[in-house]
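Protein sequences, first through last, are from chains R and Z.
The working numbering puts the first residue of the first sequence at 143, with every later residue one more than the last.
The working numbering puts the first residue of the second sequence at 67, with every later residue one more than the last.
Any given hint might turn out to be false.
[Unchecked claim] Straight-line Cα separation of at most 20 Å, EDC-like style, residue types lysine to aspartate or glutamate; simulated pairs:
1) K404(R) to E299(Z)
2) K316(Z) to E280(Z)
3) K316(Z) to D150(Z)
4) K75(Z) to E578(R)
Just so you know, these hints were derived from the structure itself, not from any lab.
Residue-level listing of the chains:
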Amino acid sequence: MVFNTPIFFVFFVVFLLFYGLVFLQARPRVYFILVASLVFYGAWNYRFIPLLVGSSIIDYYLALAIAGASTPSRRKLFVTLSVVMNLGILGLFKYADFLLMSVADFLGVFGVEASLPTLSWVLPVGISFYTFQSLSYTIDVYRGDMQPRRGLVHFTTALAFFPQLVAGPILRARQILPQFHNLPVPTWSGARHGFLLVTSGLWKKTAADLLAIPAGRLFEADAQLSLLETWTGVLAFAGQIYGDFAGYTDMAIGLALIIGFKIPPNFRLPYFAISPVDFWRRWHISLSSWLRDYLYIPLGGKYQRHRNVMITMLLGGLWHGAAWTFVAWGAFHGIIITATHFLGRLPALAGFAANRSRSAVLLKWAITFYLVTIGWVLFRANSIGSAFEIIVDLHTFTGLAEPGPMAAWIALITIATLVLMHLADWFVIARAEAFENRRWLFWPVLIMIHSICLLVGEPSDEFIYFQF
Amino acid sequence: MTDRRIFAKILIAVLLVMGVAMLLARSFTAANGASGESLLSRVFQARAAIPAIAAEDNDLVLVFGSSMVQAGFSPREFDRDLADMGIDVTSFNFGFGGLNPLFQDYLSRRIAEDFEREGRRLKLALIEFNPFQATRTRRERAVALEESYIATLASPSELFEILREDPERGSRMLTIRYLRDGISAEMITTFFWGEPFQAPLIQTELEEEEGVAERLQEVLAEMNDRFEAEYPEYDGSDWYYPWRGGGTNKSERPQETLDLIEEYYRLTQTDYQMADDRLQRIQTADIEELHFDPELVEAFIRIVENFGRIADQVEIIMLPKNTDWIRNPPEALARQAEVVAHIERETGVPVRDFQQIDAVSNDMFSDTTHLNRYHGAVAFTRHLANFYADSLR
Numbered sequence: 143m144v145f146n147t148p149i150f151f152v153f154f155v156v157f158l159l160f161y162g163l164v165f166l167q168a169r170p171r172v173y174f175i176l177v178a179s180l181v182f183y184g185a186w187n188y189r190f191i192p193l194l195v196g197s198s199i200i201d202y203y204l205a206l207a208i209a210g211a212s213t214p215s216r217r218k219l220f221v222t223l224s225v226v227m228n229l230g231i232l233g234l235f236k237y238a239d240f241l242l243m244s245v246a247d248f249l250g251v252f253g254v255e256a257s258l259p260t261l262s263w264v265l266p267v268g269i270s271f272y273t274f275q276s277l278s279y280t281i282d283v284y285r286g287d288m289q290p291r292r293g294l295v296h297f298t299t300a301l302a303f304f305p306q307l308v309a310g311p312i313l314r315a316r317q318i319l320p321q322f323h324n325l326p327v328p329t330w331s332g333a334r335h336g337f338l339l340v341t342s343g344l345w346k347k348t349a350a351d352l353l354a355i356p357a358g359r360l361f362e363a364d365a366q367l368s369l370l371e372t373w374t375g376v377l378a379f380a381g382q383i384y385g386d387f388a389g390y391t392d393m394a395i396g397l398a399l400i401i402g403f404k405i406p407p408n409f410r411l412p413y414f415a416i417s418p419v420d421f422w423r424r425w426h427i428s429l430s431s432w433l434r435d436y437l438y439i440p441l442g443g444k445y446q447r448h449r450n451v452m453i454t455m456l457l458g459g460l461w462h463g464a465a466w467t468f469v470a471w472g473a474f475h476g477i478i479i480t481a482t483h484f485l486g487r488l489p490a491l492a493g494f495a496a497n498r499s500r501s502a503v504l505l506k507w508a509i510t511f512y513l514v515t516i517g518w519v520l521f522r523a524n525s526i527g528s529a530f531e532i533i534v535d536l537h538t539f540t541g542l543a544e545p546g547p548m549a550a551w552i553a554l555i556t557i558a559t560l561v562l563m564h565l566a567d568w569f570v571i572a573r574a575e576a577f578e579n580r581r582w583l584f585w586p587v588l589i590m591i592h593s594i595c596l597l598v599g600e601p602s603d604e605f606i607y608f609q610f
Numbered sequence: 067m068t069d070r071r072i073f074a075k076i077l078i079a080v081l082l083v084m085g086v087a088m089l090l091a092r093s094f095t096a097a098n099g100a101s102g103e104s105l106l107s108r109v110f111q112a113r114a115a116i117p118a119i120a121a122e123d124n125d126l127v128l129v130f131g132s133s134m135v136q137a138g139f140s141p142r143e144f145d146r147d148l149a150d151m152g153i154d155v156t157s158f159n160f161g162f163g164g165l166n167p168l169f170q171d172y173l174s175r176r177i178a179e180d181f182e183r184e185g186r187r188l189k190l191a192l193i194e195f196n197p198f199q200a201t202r203t204r205r206e207r208a209v210a211l212e213e214s215y216i217a218t219l220a221s222p223s224e225l226f227e228i229l230r231e232d233p234e235r236g237s238r239m240l241t242i243r244y245l246r247d248g249i250s251a252e253m254i255t256t257f258f259w260g261e262p263f264q265a266p267l268i269q270t271e272l273e274e275e276e277g278v279a280e281r282l283q284e285v286l287a288e289m290n291d292r293f294e295a296e297y298p299e300y301d302g303s304d305w306y307y308p309w310r311g312g313g314t315n316k317s318e319r320p321q322e323t324l325d326l327i328e329e330y331y332r333l334t335q336t337d338y339q340m341a342d343d344r345l346q347r348i349q350t351a352d353i354e355e356l357h358f359d360p361e362l363v364e365a366f367i368r369i370v371e372n373f374g375r376i377a378d379q380v381e382i383i384m385l386p387k388n389t390d391w392i393r394n395p396p397e398a399l400a401r402q403a404e405v406v407a408h409i410e411r412e413t414g415v416p417v418r419d420f421q422q423i424d425a426v427s428n429d430m431f432s433d434t435t436h437l438n439r440y441h442g443a444v445a446f447t448r449h450l451a452n453f454y455a456d457s458l459r
C-alpha cells in the first residue's frame, strides 16, 4: 500500500475514524495502530507479517534479558544473539543470493565453473529499515543508553508503526517507544503542519515520477544520447531519488504528525551541501546517524578515521541493495569523504576549507553537487561497466549523438524541478509557521497542489526505497 | 479542544482537501473535453444501439474488429449483395480503432451481455484477427491507456474482482472509473510530458512531390463541403445507425464527388505517403516482424469465446493485406502461423485468412493497412457476402 494511492486514502480515512472517534482509550488505540499497521504491511505481502512480529518479539525479550542479565558476559551473549538474528534475517533475505553469485563469479575468474544454488526469495518490503530499528533498541539497552520498557504490544506497534514501516525514517526506540506508552493527542497546529508535509511529500513524489522519464531514458534505454541529454538524465535521477525518498519520508512524518506522533526529519536540503560530509548530515539522516552511532563510533570513530569511514560507507552502500553498484557507490562516498578530510588538513587548502565567503561556499557547493551526482550514476546504473560508460560520456565533449529537438527544453525543466523541490523544502523549513497561520492562503494552496498531483504522475510506480 | 473534536476536525479536513482537489482535477479534464466516453465515443454509440439492433427483423450479422474492419466492411452493401442472392440479413460494423485485444476482450463481454439482456442472438459473428494489433510493440505503445480503457470498459463486478486480487490496482481503477471520468494520471502525464521522450516517428527519405500536400488540403476541404451538402441528415456520430456503423456508399454519391474522391485516393497513395505510413506502422506496431504478445493473443481467444455466447456461428477472419508495402519475412509468417494455429486449437474456430485474395488488389487501399471505402471495402464486403452466403441461407 503506497501513500499516494486511492487505497491508502481509504485506509487512512478509516484509520482516523476508528482511531480518533471510536477508540478513545489508550490501550485500544495502541492495539488498533498495531492491527492497522499489520493490515498496511500485509497489503503488500501478508506472509511476511510473522517475520516482522517474530523479530520484534525476540528483540523485546532479548532487551529485557540484557537488562536483567547478572553478568557482563550474559549481557554480551544476549546482544550478540540480537545482532546475529537481525543481521541473519537481513543477510538471508537480502544478501544470500548476491553472495552465492559473487562467489560463483569469483571462482569463474579462475576458470572454476561453480553452479551454486540460489534462494531466489522475495525481499520483504522494509526489512532493512525495521531490522536496523529493532537492532538499535537492543544495542541501546546493552549500552545503557535506555532502559527496556515493558509492553510487548507497545514495542511491536512502535516497530510496525505504518507511516515509517516500509521506508523509514529509521527511528530509535527512545524516539518513538515513549510516544506509544504515553499516546500523544494531536494539536490543530501540528496537524496543519502534517498536512503541509504530506502535500510537500506528494509534490516531490509526483515530480520524481516525472523525472523518472528522462532518467529512464539514460539508464534503461539503449538510445544514443548527446552530452546535454546524458547530463539531463543524471540530473533527473538526482531529482528522482531525492523526490522519491524525501517525498515518502515527508509524507510519513506528516501522516504521523496528523495523528500526533513526532518523527524527526530525515532530509535537510541535501543538495545544498558544501562537502561530502555535509551531504551525509543532510541525506537520509536516520541511516547516516545510525551508521555513525552503531558502526563508525564502535569501530573507533576518529581513531583510524579513514579506515572506519571506508568500512562504514561500504556497508552503507551495501545496505541499499545487494549489488556491486551499491558497493561501488558506498566506496565512492567513502573515498570522497576521506579525500575531503585529507585535503582539508593540507596547509595549502586549509584556508579554503575554512573560508565562508560567498564565492568559496558556491565553489564548495558546486564541487560537492558534482561529486554526489557522479555518485548517483553508480547507484542507478545496471552494472559498474554501464556506470563507467555513462561517467565517461558525461565528460566527453565530442563524438556523442546530436541532441534531440526538445533536449534543451527537457534539461531546463529537469533543472527547474530540482530547484523547485529544494525551494519547497526550504519554504517548509523556514516559512511553514507563517504560511500555516494564513488560512485563506494555506488551504487553497494545499488543495491546488493535491489536484495537480492527482492530474499528473504515475501512481502505479512504487517508491524506489521500498526495495531497500 | 477535546481529543474527539480534534480528530473529527482532522477527518473533515482530510476529506475536504481530497474532495475539492478531486473536483478541481475532474473539472480540468472536463474543461478539456477529456473523458473515457469521449475517447471511446464510437464504442459507446455502438453499444447504445444494441437494443435497436436486437429489435431488427432480419437475421443479424456483426463484424467485430479494429479500424481495418471499420474501414473495410460496408454493412449496407453486404446486406444488398446477400439480398441479391435471396438472403435477408441485417449486418453491422463493429470495427473500432485504437483498441488492442486486451480492451476488445472487455468490450466483447459488454456486447455479449447487452445481447443476452435483449434476448437476441446473432446469426453470424465475424471476428477480425489483426496480427499487428497483437504485437508487443503495439501493446507497449498503449500502456498509458491501459488502465483508463479497462476501467472504462470493465463492468463494476470486474472492477471489484480486480480490487479483490490487487487492492492497489483495483482502487486506482475504481477511482479512474467513478471519480476521474475515465482519465488516468498516467494518460495525462504521457500526453503532456511523455511525448518529447518517445523516439520521433521515422520518416521516409523519399521526397514528396511538389504541390501534393496543398492539393490534398484543397481536395479534403471540398470533400467535406460535398459531404455536408449530400448528407444533411447525418448527425456527426462516430457510429451512425442508418449506416449501421459503416460509411457512405459509392452508389449514393454523384459522379463529380466520386471523381474528387478518386483524386483523393491518388494523392494519398503516393510513394512518399505510403512509405511514411509503412515506417510508422513498423515503429508503432511491428507490422512486418510480428513479435506477438502472448497476453494479447489470449485476450483474443477470450473475445471469440465471448461472441460464442451470443452467436449461432462465430468465424475468425484476417482482412486483406497490402502486400506492395507490407512484406513479412518468413520468420514473421512462421510466428503468425503458430499463433493462428494456437487460436484455432483453443477456440475450435477456423481462422479464415483473407489477407491475399483475388477480389482485393493492392491499389484498393487508402494507406498500407486500411482498405479504401469505394473500392477496397466494396470488393472485400462482396467477397464476404459470397463466402458466407451458404451458411446464412
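Do the hints match the structure? See the list:
no. : hint               : in the structure
1   : K404(R) to E299(Z) : violated, 68 Å
2   : K316(Z) to E280(Z) : violated, 26 Å
3   : K316(Z) to D150(Z) : holds, 17 Å
4   : K75(Z) to E578(R)  : holds, 16 Å
Hint check: violations occur at hints 1, 2; the rest are consistent with the structure.
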